[in-house]
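Enquirer: If you want the building blocks of each chain, they are given just below.
There are 2 protein chains.
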Amino acid sequence: MQIRKGTAADIPAVYDLIYELAVYEKAPHEVDNTVERMLEDGFGEKPIFEFFVAEDAQKQIQGIALYYYRYSTWKGKCIYLEDFVVRESERGKGTGRLLFDELVREAQRVGARLITWQVLDWNEPAINFYKKLEADLDSGWINCKLSKNQIDNYFKL
Amino acid sequence: MQIRKGTAADIPAVYDLIYELAVYEKAPHEVDNTVERMLEDGFGEKPIFEFFVAEDAQKQIQGIALYYYRYSTWKGKCIYLEDFVVRESERGKGTGRLLFDELVREAQRVGARLITWQVLDWNEPAINFYKKLEADLDSGWINCKLSKNQIDNYFKL
Chain A
523 MQIRKGTAAD
533 IPAVYDLIYE
543 LAVYEKAPHE
553 VDNTVERMLE
563 DGFGEKPIFE
573 FFVAEDAQKQ
583 IQGIALYYYR
593 YSTWKGKCIY
603 LEDFVVRESE
613 RGKGTGRLLF
623 DELVREAQRV
633 GARLITWQVL
643 DWNEPAINFY
653 KKLEADLDSG
663 WINCKLSKNQ
673 IDNYFKL
Chain B
523 MQIRKGTAAD
533 IPAVYDLIYE
543 LAVYEKAPHE
553 VDNTVERMLE
563 DGFGEKPIFE
573 FFVAEDAQKQ
583 IQGIALYYYR
593 YSTWKGKCIY
603 LEDFVVRESE
613 RGKGTGRLLF
623 DELVREAQRV
633 GARLITWQVL
643 DWNEPAINFY
653 KKLEADLDSG
663 WINCKLSKNQ
673 IDNYFKL
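Going down the list, the sequences are from chains A and B. For what it's worth, my numbering labels the leading residue of the first sequence as 523, then goes sequentially. For what it's worth, my numbering labels the leading residue of the second sequence as 523, then goes sequentially.
So here's chain A without its partners, still in its complex pose (with noise of 0.2 Å):
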């Protein structure tokens, strides 16, 4: 299995490994993104992610690793980790530590200050692997959002 920096063309096998952790995580009706708008945000004038790959002998994406730039007013740049995602058929065969240890070596070289992504709360496998990374888990807090739909009708209601 090999890691590299993800380009344009891995783009498709992206999006479907996006769709199957969303399915794993039982919400692939809240996925209303695009390849073509993934394109658009991951390519275009103002890229907004990055992500790496992993790649078997058949050039078949089997993980990725996907990530962009925060900002943490406690801390100054960190990288949040978005999606981390291996298929399920390679899952158990240390591909993902493999992607895990190329975000932190990303992190390293750019030299942010701290990395953090979340987890559902009844994730167990993934909860494990994080522990065994010694991560800090932290769940005193809740999350907020307002969607597109609030946004557009926020002042007419």
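Because the hints were derived from the structure by calculation, they are not lab data. From a predicted model like this one, the values you see are computed outputs, not experimental measurements. Just so you know, nobody snuck in bad clues.
Here are the in silico distance ranges between beta carbons for each label pair:
no.: 1; chain 1: A; residue 1: G616; chain 2: B; residue 2: D578; range: 51 to 59 Å
no.: 2; chain 1: A; residue 1: G614; chain 2: B; residue 2: N675; range: 23 to 31 Å
no.: 3; chain 1: A; residue 1: Y541; chain 2: B; residue 2: D660; range: 19 to 27 Å
Ideal placement from N, C-alpha and C gives every residue a C-beta, glycine not left out.
Based on these hints, arrange chain B on the given structure of chain A.
Expert: For chain B alone, coordinates are given in the frame of chain A:
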């Protein structure tokens, strides 16, 4: 109270409010950012955050809404509200709502598909404020992180 876009000259006041919020969130020891780093991170070659300020008639900054763009692989470009603070003596007078309204206007201007943020699960006044906005509050996620020290030592352990 006037709401306007923040400038480099506001950073010392912004830093004070960030620290005030960290104290309220029982985590002042977590703040190791500095005014100097914030100036570079917000107004250097590659700005990574923006903010609105609430300024009173005496030109004192009484509140901030600091945000940056994130990427949701499910939705696309979104705004993340990293720090949202009104000085304690000024709370309950509508300043927070003015700041939040401006953030929504910004989301509409740039076509953001989502506004997200987090709130501590014991912070009832804030939770009630967000419920009044009819925001979606979801506590099924655990936050995970690797600190700078863990990043630096990741391959040494």
